[in-house]
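Between the sequences and the hints, there should be enough to build the whole structure, so can you do that?
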Amino acid sequence: MFIDPKLQDASRRVRVTVMQGMVETSADQDVVLTTVLGSCIAACLFDPIARVGGMNHFLLAEPSSSQINADTHYGIYLMELLVNTMLKQGASKSRMKAHIYGGGNIHKNMQPIGQRNSELAERFLNTENIMITHRDTGGTNARRVDFLAASGKARCRHVDGAAAPTAKPTIVPAKSVGDVEFF
Amino acid sequence: MEKQTKILTVDDSRSMRALLRVALVERGYEVCEAEDGVEALEWLETNSADVIITDINMPRLDGFGLIEKVRASTRHIDRPILVLTTESSDEKKKRARDAGATGWIVKPFDPEKLAAAVRRVAH
Numbered sequence: 265m266f267i268d269p270k271l272q273d274a275s276r277r278v279r280v281t282v283m284q285g286m287v288e289t290s291a292d293q294d295v296v297l298t299t300v301l302g303s304c305i306a307a308c309l310f311d312p313i314a315r316v317g318g319m320n321h322f323l324l325a326e327p328s329s330s331q332i333n334a335d336t337h338y339g340i341y342l343m344e345l346l347v348n349t350m351l352k353q354g355a356s357k358s359r360m361k362a363h364i365y366g367g368g369n370i371h372k373n374m375q376p377i378g379q380r381n382s383e384l385a386e387r388f389l390n391t392e393n394i395m396i397t398h399r400d401t402g403g404t405n406a407r408r409v410d411f412l413a414a415s416g417k418a419r420c421r422h423v424d425g426a427a428a429p430t431a432k433p434t435i436v437p438a439k440s441v442g443d444v445e446f447f
Numbered sequence: 120m121e122k123q124t125k126i127l128t129v130d131d132s133r134s135m136r137a138l139l140r141v142a143l144v145e146r147g148y149e150v151c152e153a154e155d156g157v158e159a160l161e162w163l164e165t166n167s168a169d170v171i172i173t174d175i176n177m178p179r180l181d182g183f184g185l186i187e188k189v190r191a192s193t194r195h196i197d198r199p200i201l202v203l204t205t206e207s208s209d210e211k212k213k214r215a216r217d218a219g220a221t222g223w224i225v226k227p228f229d230p231e232k233l234a235a236a237v238r239r240v241a242h
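Chains as they are written, first to last, in this note's numbering: chain Z, 265 to 447; chain X, 120 to 242.
No lab work stands behind these hints, which were simulated from the structure alone.
Fair warning: there could be bad hints in the mix.
Below, a list of computed lysine-lysine pairs in the BS3-like style, where the Cα atoms sit at most 25 angstroms apart [claimed, not checked]:
1. Z:K352 - X:K212
2. Z:K357 - X:K211
3. X:K122 - Z:K352
4. X:K213 - Z:K352
5. X:K188 - X:K212
6. Z:K352 - X:K188
7. Z:K357 - X:K212
Ranges of calculated distance between the beta carbons of each label pair, as one might list FRET restraints [what the hints assert, rightly or not]:
8. X:K213 - Z:G354: 20 to 28 angstroms
9. Z:S358 - X:E145: 29 to 37 angstroms
10. X:K122 - Z:E445: 23 to 31 angstroms
11. X:R146 - Z:R276: 48 to 56 angstroms
12. X:E231 - Z:G402: 48 to 56 angstroms
13. Z:R419 - X:W162: 55 to 63 angstroms
14. Z:P376 - X:W162: 35 to 43 angstroms
The model shown is predicted, which means the values in this text are computed figures rather than measured ones.
Note that beta-carbon positions come from the ideal geometry of N, C-alpha and C, so glycine has one too.
Take a look at the structure:
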């Protein structure tokens, strides 16, 4: 967890930056999960009864609906990791609501990689019966997202795509994945 | 003709069950599914599988509870059980081992390694 002291304001708010490939969750009402997204996707989940929320942040090179590849496995893993981390803090999957942000196709000449990533997140949430209550995806802008995890309140500001960090797709750890240990 | 190996997958995530189904069916296995420990036990009352693959975090009855109940049964006492989970802590592994799990696989899974593990434990 990376906490930048400069970004803590007077109202005790603690800003936690969610880096690419990471999952952060909180039940603390003062915690703001924050990230900047170009083509990357952030899914924000929230359980209004347990008052637990969380965010992940990913960009996969080749998420695909027609074939199941390593990226699809890794994307589903990052979504599941977010759900499981929240369950440990008392959330219930059946109560979770979701927001999806990002997936901009910042560079006109690039493949619509942002769109394919947001489709993967949507497909996962639909399959798991987690309702998507808000989405702000696509387009050519970058986005700054602030998510008050414990109350489920989010703010998404559009920023010029040129100002967005140039994200490289998350490298799926190839060799250590799925290692088997026999007892 | 050789009998097809039947696998019961237990996971509350439909996305994960679908990934497992594709990976295992492509490699010649027959796949049955349950969405938590309770449903798995109900299924095992009247059915049988050669190998059980189970998640840990599940509602109603989690993976640890399922392993304990299967090991306490008479019909499935020797059934190989592979845990497939996002968890990797030594403490959770120890709990699974003590409950009687056969092996532990950390997600995201590699279909080839999973199939190899199934081949190794199926009997």
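#### Entry: Given pair status - K188 (chain X), K352 (chain Z), alpha carbons within 25 angstroms
holds (23 angstroms)
### Query
K213 (chain X) and K352 (chain Z): Cα distance at most 25 angstroms?
Between K213 (chain X) and K352 (chain Z) the Cα gap is close to 19 angstroms, so the pair holds against 25 angstroms.
### Query
Does 23 to 31 angstroms hold as the CB distance between K122 (chain X) and E445 (chain Z), or does it fail?
Since the Cβ atoms of K122 (chain X) and E445 (chain Z) sit about 28 angstroms apart, the hinted range of 23 to 31 angstroms holds.
### Task
State, for the Cβ atoms of S358 (chain Z) and E145 (chain X), whether the hinted interval 29 to 37 angstroms holds or is violated.
holds (31 angstroms)
### Task
With respect to the beta-carbon atoms only, verify the hint that K213 (chain X) and G354 (chain Z) lie 20 to 28 angstroms apart.
Given a distance of about 24 angstroms, which is inside 20 to 28 angstroms, the answer is holds.
### Message
Hint check: K357 (chain Z) vs K212 (chain X), CA-CA at most 25 angstroms. Holds or violated?
### Response
holds (24 angstroms)
### Status of the given 35 to 43 angstroms range, CB of W162 (chain X) versus CB of P376 (chain Z)
holds (42 angstroms)
### Query
For the pair supplied as a hint, K188 (chain X) and K212 (chain X), is the alpha-carbon distance within the 25 angstroms limit?
Holds. K188 (chain X) to K212 (chain X) sits at ~17 angstroms (cutoff 25 angstroms).
### Beta-carbon spacing of R146 (chain X) to R276 (chain Z) - inside the hinted bounds 48 to 56 angstroms or not
holds (54 angstroms)
### Query
Does the Cβ-Cβ separation between R419 (chain Z) and W162 (chain X) fall within 55 to 63 angstroms?
About 46 angstroms separates the Cβ atoms of R419 (chain Z) and W162 (chain X), which means 55 to 63 angstroms is violated.
#### Entry: Range agreement (Cβ of G402 (chain Z) with Cβ of E231 (chain X), hint 48 to 56 angstroms)
This hint is violated: roughly 35 angstroms between Cβ atoms.
### Query
CA of K352 (chain Z) to CA of K212 (chain X), is that 25 angstroms or under?
holds (17 angstroms)
Figure legend: structure checked against the earlier numbered hints; hints not met, in rising order: 3, 12, 13.
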